[in-house]
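Chains A and B are the protein sequences, given in the same order. Quick note: the first sequence uses full-length UniProt numbering, first residue 1, plus one each step. Quick note: the second sequence uses full-length UniProt numbering, first residue 1, plus one each step.
Misleading hints may appear alongside valid ones.
[What the hints assert, rightly or not] With the C-beta cut set under 8 angstroms, the calculated list includes, among others, these residues of chain B facing chain A: (1) Leu9; (2) Val18; (3) Ala21; (4) Asn59; (5) Asn80; (6) His93; (7) Ser155; (8) Asn158; (9) Ala166; (10) Glu168; (11) Lys334.
[As the list claims (entries may be wrong)] Simulated crosslink set (DSS-like; lysine-lysine; CA at most 30 angstroms straight-line): (12) Lys105(B) <-> Lys86(A); (13) Lys334(B) <-> Lys169(A); (14) Lys106(A) <-> Lys86(B); (15) Lys334(A) <-> Lys22(B); (16) Lys452(A) <-> Lys334(B); (17) Lys66(B) <-> Lys387(B); (18) Lys106(A) <-> Lys66(B); (19) Lys42(A) <-> Lys105(B); (20) Lys105(B) <-> Lys66(A); (21) Lys169(A) <-> Lys169(B); (22) Lys452(B) <-> Lys86(A); (23) Lys452(B) <-> Lys334(A); (24) Lys22(A) <-> Lys169(B); (25) Lys66(A) <-> Lys334(B); (26) Lys105(A) <-> Lys66(B); (27) Lys334(A) <-> Lys105(B); (28) Lys42(B) <-> Lys106(A); (29) Lys86(B) <-> Lys105(A); (30) Lys42(A) <-> Lys106(B); (31) Lys66(B) <-> Lys86(A); (32) Lys86(A) <-> Lys106(B); (33) Lys66(A) <-> Lys475(B); (34) Lys219(B) <-> Lys22(B); (35) Lys42(B) <-> Lys475(B); (36) Lys42(A) <-> Lys334(B); (37) Lys66(A) <-> Lys106(B); (38) Lys42(B) <-> Lys105(A).
Hints in this document: simulated from the structure, not taken from any laboratory. For glycine and all other residues, C-beta sits at the position ideal for the given N, C-alpha and C.
Listed here are the chains, written in short residue letters.
2 protein chains.
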Amino acid sequence: MASTTSRRLNVDNINPHVREAKYAVRGELAVRSEEYRASLAKGDASLPFEQVISANIGNPQQLDQKPLTFFRQVLSLLENPVLLEKPDVLLNHLGYKPDVLERAKKLLASVGSVGAYSASNGAPAIRQSVADFLERRDGFSASQADIYMSAGASSGVNTLLHVICAHEKSGILVPIPQYPLYTASLSVLNAACVPYLLDEQKNWGTDLATIKASHEKAKAEGIDVRAIVIINPGNPTGASLAEADIRAVIEYASQERLVILADEVYQTNVFIGEFISFKRMLRQMQKEQPGTFDHVELASLHSVSKGMVGECGHRGGYFELVGFDPAVQAEIYKFVSIMLCAPVIGQCLVELMVNPPRPGDPSYELYDAEYSAIFNGLRERATALHKAFEQMEGVECGAPQGSMYLFPSIHLSEKAAAAAAAEGRTPDEFYCMRLLEATGVCVVPGSGFGQKEGTLHFRTTFLAPGTEWVGSIVKFHNEFMEKYR
Amino acid sequence: MASTTSRRLNVDNINPHVREAKYAVRGELAVRSEEYRASLAKGDASLPFEQVISANIGNPQQLDQKPLTFFRQVLSLLENPVLLEKPDVLLNHLGYKPDVLERAKKLLASVGSVGAYSASNGAPAIRQSVADFLERRDGFSASQADIYMSAGASSGVNTLLHVICAHEKSGILVPIPQYPLYTASLSVLNAACVPYLLDEQKNWGTDLATIKASHEKAKAEGIDVRAIVIINPGNPTGASLAEADIRAVIEYASQERLVILADEVYQTNVFIGEFISFKRMLRQMQKEQPGTFDHVELASLHSVSKGMVGECGHRGGYFELVGFDPAVQAEIYKFVSIMLCAPVIGQCLVELMVNPPRPGDPSYELYDAEYSAIFNGLRERATALHKAFEQMEGVECGAPQGSMYLFPSIHLSEKAAAAAAAEGRTPDEFYCMRLLEATGVCVVPGSGFGQKEGTLHFRTTFLAPGTEWVGSIVKFHNEFMEKYR
Chain A
1 MASTTSRRLN VDNINPHVRE AKYAVRGELA VRSEEYRASL AKGDASLPFE
51 QVISANIGNP QQLDQKPLTF FRQVLSLLEN PVLLEKPDVL LNHLGYKPDV
101 LERAKKLLAS VGSVGAYSAS NGAPAIRQSV ADFLERRDGF SASQADIYMS
151 AGASSGVNTL LHVICAHEKS GILVPIPQYP LYTASLSVLN AACVPYLLDE
201 QKNWGTDLAT IKASHEKAKA EGIDVRAIVI INPGNPTGAS LAEADIRAVI
251 EYASQERLVI LADEVYQTNV FIGEFISFKR MLRQMQKEQP GTFDHVELAS
301 LHSVSKGMVG ECGHRGGYFE LVGFDPAVQA EIYKFVSIML CAPVIGQCLV
351 ELMVNPPRPG DPSYELYDAE YSAIFNGLRE RATALHKAFE QMEGVECGAP
401 QGSMYLFPSI HLSEKAAAAA AAEGRTPDEF YCMRLLEATG VCVVPGSGFG
451 QKEGTLHFRT TFLAPGTEWV GSIVKFHNEF MEKYR
Chain B
1 MASTTSRRLN VDNINPHVRE AKYAVRGELA VRSEEYRASL AKGDASLPFE
51 QVISANIGNP QQLDQKPLTF FRQVLSLLEN PVLLEKPDVL LNHLGYKPDV
101 LERAKKLLAS VGSVGAYSAS NGAPAIRQSV ADFLERRDGF SASQADIYMS
151 AGASSGVNTL LHVICAHEKS GILVPIPQYP LYTASLSVLN AACVPYLLDE
201 QKNWGTDLAT IKASHEKAKA EGIDVRAIVI INPGNPTGAS LAEADIRAVI
251 EYASQERLVI LADEVYQTNV FIGEFISFKR MLRQMQKEQP GTFDHVELAS
301 LHSVSKGMVG ECGHRGGYFE LVGFDPAVQA EIYKFVSIML CAPVIGQCLV
351 ELMVNPPRPG DPSYELYDAE YSAIFNGLRE RATALHKAFE QMEGVECGAP
401 QGSMYLFPSI HLSEKAAAAA AAEGRTPDEF YCMRLLEATG VCVVPGSGFG
451 QKEGTLHFRT TFLAPGTEWV GSIVKFHNEF MEKYR
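The following block holds chain A by itself, in its conformation from the complex (with noise of 0.2 angstroms):
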């Protein structure tokens, strides 16, 4: 009988900070949904739809997202260079352009081999070219030795909240709603999150008295509260913040002394509004009212998964750190350097992604064909679910602004309600997994990400192509409305 009783580990003794952590966009809906999947690949024909439709997870290339050729294209060179020595063949039999080879080779003098740890900070020449794009995209200098490649902007987000995080007084504020990486890191570091809810009622945006409220009611605490995080564009909101929104929040970051962690993985997908880095920013505030904002502190993330570029199993990204002392870098390089370096293929893209085709380059015409025609679905397919969830009784749902996603607001009935108790789930669990019984399409429950006391939501990406899953979202919340009237 010396089976499972006497086994070393058990849910009860191992970590738990970890059993406490909450991860719902690859949670229970998610597993149910890749069930799903796998019945109706064996051809179960007992389900009541014919495809899984994964709109929970920002993925685009698991849908209809293609990747962008010219990228692609390089990065065939750097898995195998050998290819180099045939550029006839690339040239005249494969539609490769000359630019092509010429940045494939470049990237290979730079890192070696793709095959060969980095450094730990990710390749000298890589970060460089990075801080070539911040100057270029904020107009202010940027250093490659602020720069730090990272296994997407997840693996970002983790090392600074390790170094930033002493205690479990130590609190950082993060806005409600969030995508759950925050919450979820700061449960398995046995540190304080201190929400701030963002403003439905404006578009999403920051409220400076909410923080503020939050802030002050976390410190009579006794939580030690070091940073602030802003999502921008918002995942799961889709907002843009507004210049005012981001001085403000850098002005109260400055004077309240909060390491600002700006996470901008959607910076290219704004349709509404325009991006603003907080880099640009600060360095801009910095210069109004010089010696008044020195001594902030920001690190800034950014990945190659989302935006046009969508390649997040490539698990490429970089955080630059602005205003940060040496010594504590230095942790930071030390941090990183005990899992070694972050992929190096994944560094080349994020190269390309900084550093793509120019106007009069030969793969100029074709990149910027593809990318502009990415952006233009995205906007359309935003449009199509956005009208309507417009006509859904009980819901409600801004314009689409940005990101991969829309976050309507449901009414749900009391007798919803209660039958989601029944369940022992939270109403918008409830209508989330009955929605994938009925249609096959997986959202994620506004719980998820974390919602206003009283008000429930769910978050869907909007990068399923055709129309098809859409129409059986609102047959179904019809039918969903009229059960529980």
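Here the structure of chain A is known, so what remains is to put chain B in place on it, guided by the hints.
Using the frame of chain A, we list chain B on its own:
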């Protein structure tokens, strides 16, 4: 004056556990060596050497090791699947064999796009291929549900330690000397490292009495010892454990209810003896004595970084769980989900590693020739380096057994120890720093891995080609010994 002093973060208030972590493989010596490399690249002729040899880290492709052709051909097609539309060009002009195209198609069917996130634990078909490999290797069944794809073995170790360590009294038995990932990760987690010495006199094998004594001592100090790490073949030692040693460890772990963490990333780098996996031995013992070892929990790790593959820049790896509670596995799944998934191209490389061309396949002959040449080259270099060490005064080094390293002991004079102390260094650090300055050869002092009190060592890879750098070490050593006689 609102500058340095008013920053929020400084080295005294950041996470103290990050600060305490040590990771010498990428530490001061490595940073200094990169500075030298940059100076040389700029044409600096003032240094007493013409190249930097990074013998501090097992980074095969940074030195001479070429990637295996079959692997990289497949990867190039995964990165640019459009190439598969031109099979005639691939086959007739680029030397790709039909099995390259077949494999690429199969992998693409499994993952969709290498730019898409896979399931958090890895693409199911790739996990199945790993399970099939384990069955062939060990002669015992394996299930894809117990395989977790990781970004190199390091990230797998990070996951496992995060889940196993519950609080600061949770302890892990770690061999000394060890690859410092273990001690560094335990520092960051604020858990207890319980060191046990390997026996240098017995080719760095495990000694059960020593393990038991360390374990008992830790228990007496109130440590809840939960797991034992075994690195086999050893890093930095190169030793392959004998069957009797493995049996003894499993028996002890079974009695004491210790999870076994078997780091087996050097399983193909074996010159002397035979690699025996912990999984095979555990299953064997379970068969021999039914019921006795059923409760043993084993996690074994492997990666694409070492062996004849040497693709560390791709950050591919996996771990297999044996005997774990399904509820604990669910927590591990959730934990890896927070970082989304391991790089998908790295997952594909794992598939290629575990399922390479077989006799009769079109790519087999070349694959086999390349693989054997790398293996023989490593053995030759190891032998040449070992021969040099044997001739050096005060240096003792066992015959090269495997992995990518030699770990000689060095006997330094009191005078050298005093000079080191005057610089605030340990004698082995002092020796390695002088070696770097004189020759450009970067090795890691034994103190970076831990060593028995009163002994000194350094770890060097034997990856670098040529014999000149070996000669420069001998020359330096003689001069050093003369100077500090």
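*Can you name, in rising order, the numbers of the hints this structure does not satisfy?*
10, 22, 27, 33
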